[in-house]
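Peer 1: Residue-level listing of the chains:
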Amino acid sequence: MSLDKGTVKRVAQLARLRLDDEQLEKTAEELNKIFTWIEQLDEVDVSNIEPLASVTGHSLPERMDEVTDGNYPDRVLSNAPDRASNFFTVPKVVE
Amino acid sequence: MSSILDLDLASARSALQKKEVSAVELTETYLSVMSSNDHLNCYITSTPEKALDMASKSDHRINSGDALPLDGIPIAIKDLFCTDGVLTTAGSHILNGFIPTYESSVTENLWEHGAVMLGKCNMDEFAMGSANTTSYFGAVENPWRSDDRQKSPLVPGGSSGGSASAVASRLALAATGTDTGGSIRQPGSFCGIVGLKPTYGRCSRWGTIAFASSLDQAGPLTRTVRDAAIMLKAMAGHDPKDSTSANLQVPDFESALTNDVRGLRIGVPREYLLDGMPSEIEKLLETGIEMLRTAGATIVDVSMPHTKFALPTYYIIAPAEASSNLARYDGVRYGLRIEGDNLDDMYEKTRSVGFGAEVKRRILIGTYVLSAGYYDAYYLKAQRVRSLIKQDFDLVFDNVDVLLTPTAPSDAFAIGENDDDPIKMYLNDIFTVPASLAGVPAISVPVGLSKNKLPLGLQIIGKMFDEELVLRVGGALEGMAGFKSRPAGGA
Amino acid sequence: MVQLLKGETGEWEIVIGLEVHAQVSSEAKLFSSAATKFGAEPNSQVSLVDAAMPGMLPVINKECVRQAIKTGLGINAKINLFSVFDRKNYFYPDLPQGYQISQFKQPIVGEGFLEIEVSDGAKKIGIERLHLEQDAGKSIHDQHPSRSFIDLNRSGVALMEIVSKPDIRSGEEAGAYLKKLRSIVRYLGTCDGNMQEGSLRCDVNVSVRKPGEELGTRCEIKNVNSIRFVQQAIEYEARRQIEIIEDGHLINQETRLFDPNRGETRSMRSKEEAHDYRYFPDPDLLPLKFDDALVQAIASDMPELPDAKRTRFIEEYELSEADATLLVEERETAEFYEEMAAGRDKKLSANWLGTELFGALNKEGLSLAESPITAESLGRLIELISDGTISGRIAKDVFVDMFESGEDALDIVERKGLTQISDAGAILELVESVISDNASKVAEFRNGKDKLFGFFVGQVMKKSQGKANPKLVNNLLKDKLG
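Chains as they are written, first to last, in our numbering: chain A, 1 to 95; chain B, 1001 to 1491; chain C, 2001 to 2482.
Hints were generated in silico from the structure; no laboratory data involved.
Do not rely on the hints blindly, as some may be mistaken.
[As the list claims (entries may be wrong)] Here are some of the chain A residues that sit facing chain C, going by a computed Cβ distance under 7 Å:
(1) Arg16
(2) Ser59
(3) Glu62
(4) Asp69
(5) Gly70
(6) Phe88
(7) Thr89
Idealized CB from N, CA, C, for every residue including glycine.
Looking at chain A on its own, in the form it has when it is part of the complex:
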């Protein structure tokens, strides 16, 4: 298997990372090395092996349906890089 520049570009777009042409080239090369190394997993026979769901085997704890949080817009917005009154803002989205 080999990752071409196009694949790296698509993956980068999915992850909202921007790579220029040169970076794409270099990254494709690096990732190819890493995936070639990862492919030693092909040696492992995993037929009939379930994927690991959790290391502890505990079941999911549940909480009660009670309102005990929220009601602090200032804390929510205190680190906002840009805000308008109590809203976060982003460049306008056209739907």
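With chain A held as given, fit chains B and C onto it using these hints.
Peer 2: Frame of chain A; chains B and C shown alone:
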């Protein structure tokens, strides 16, 4: 060099309780050596005012007879733990200026035990690295110097490099770290100190910035095994805010330190002896085996056949989780934002500028292994192999009580070395990653010096939630190894 | 019923599947303890978890799990004792984590079905699954020329996504399915069903095919927020697709938006980018496991659902299917009906509730809960009709009074002296006086102009100010005129 700095945590605790030294005095001493050792770059943020305020409150409690277990103990916090009102960076530019309005559960526990915060430690960006060279705030230096004088300065290991270097340099009595694939144990080994990764679920992950959620676990970096036991007791505990936190009582780890290993069965997995590994690592392991045998333990040769697949498995699972965990850094609610022409432009500019090369690399790996058409071949396959690795541990622990292995395949290397070869860098974690994937506890204890006169550690791995035995064997090993060497640098 | 559309090349069948997002009725959110109430100040009902602050972790709300199980039982579905929460990864400003916690491969509820009643009879619509997931926040695009505003109040609210099989064949069936589903969740109290506030939203998948052929390419119409719009959107979209195919083109699988002002669907360009959600199990959560005892406990605590109630109303109260269907659609209506009809004339009660009370409420724009006439009070009016105290005619006047004043029927009847005259002697006097006043009409009647009978009845009733017992009037008139 002030002798007060020579006190380990347990001794400082007793000196404080006996009022031989005040918390403020101890804290001031640490603050002063911190500022004269800036070049080591252990801290991203120091918090002297907060430290002195906490110390004087500790003194007040000590003087009024209400001393808490860790009152007046100055410690350093890896900058992955969110701290209320104190800049928290994860070693990344993307969190630019981020000041949490909340305190992580682990640090909250420490403050409730009376500990004093000196500052926030440098680390590999988002805990991704094995040399502490990926931090936006620059590399951290190891206080140890190689005998080969050309080779300097050295890395402290990673990702908890700032924490490890701070403890080894006497710039903190102890520090918190986090370990996802070896990030406490490997820097512990490189810096000649003790590093303990507890069982997954022992310490809450709430308020600790996530790298790989199924692997991340907080733990202490300390000068001694006893100090590690004391720190873990304060850090651990069930947290209803973390669904993966174990609902178990926290034992008194310190009382497990009996040094008695008689009758214990200690496994040495043959798969941890690698071709081409430096002979001094093998020799170190032999030394450890001999010590424990002499002390009355039975050494058992065991096999864990899937060991060699742990690292590639880890490099699928950890990046996959990271790619998703790091999606929240989008310039909208906190941290860095680079404005753009439209939404996607803003996202891409922000994330491209905000994340460093190694983080981007892992996001890309993770995004790829989860993407349509590759999920089964990579992510699902890796989770199946992870089951097999876990099974290796389950089976071997039917036969032995703990495992003994090297912590890292080498001693500390120079800053800049291995930076251009990701795989070579990843191989640093070859001995630490299997325990991370299985979730079991493991400790690294300094046992000897390499031919370059650099510290080397051995690792004790235990059963799920059996930190007590891990600490007991670690303590015994520590006692027999009598590792007393000190680094050239630091306070 | 199955609706076939005529195109230039013959008849086309519409194939429809619905994905309904129903907001779970709960105090707090699915994975955080912030409130879920509608209409709060921006970003006030947001916890640090909902804002995806670094290091925040989800903990599941027990009640939401129970509500999902309950709903699953209500749609005759298999409850999965083991299910898994996955992350659905995509970037959007109202999705703070950069992923939505949802259930992908192993949902909490599996296959089920609903029965709907349409013009050509009953039909079973298959349900593929029901899963729990987080709602997103809200993006507001019309407040600023160059910025969109983000409010995270809804972020993290629990939703049940209920996915039907592509078993629906017309707008009518889609409407009936939605009404039935809405009715069930409201009966169960698992969702308030309020489409205006967005508690119930619907994505519609539409494709067309020649009857008997393979499924065609479908388009997904997002977020349609009323039953009427769903029907309009289906109609428009089916015609659009038929035209494209008959013109020799292919349908482009895409996401579309329904514009209620134009009654059209249009392509959503912003969603055209190829999706790759990279689902994987959320490592912050463990698999959701519970035992059958929990399911049994919830099952034993289920209210009677509309289908069962409808059957019972038909059998027990001898109501027509149409009346029964109408009465059971809303739980409140059915309960109102049962209270008013208890020990009274069932059919008469159904008519008065369906025609008079709902007529008056609709005119005033009131809901049943806001009705000035209680079930018990309307029931007493039915009693007065049944026992002959007042006629149906007078009852209508009394009803108007009751609706205005809230006064009890009997009080009005007594105060206004409206009690029906059932004394044959008194009525006979009136009958005789009418006959003697209208000699020429009596003659015409006797010569075969039967229609005039109604005129005599009217005259007698008029003389009695409407109070005469109509049955007696009829009998006596027949007697005297015959």
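Peer 1: Could you tell me which of the hints above the structure violates, numbers in ascending order?
Peer 2: No numbers; nothing is violated.
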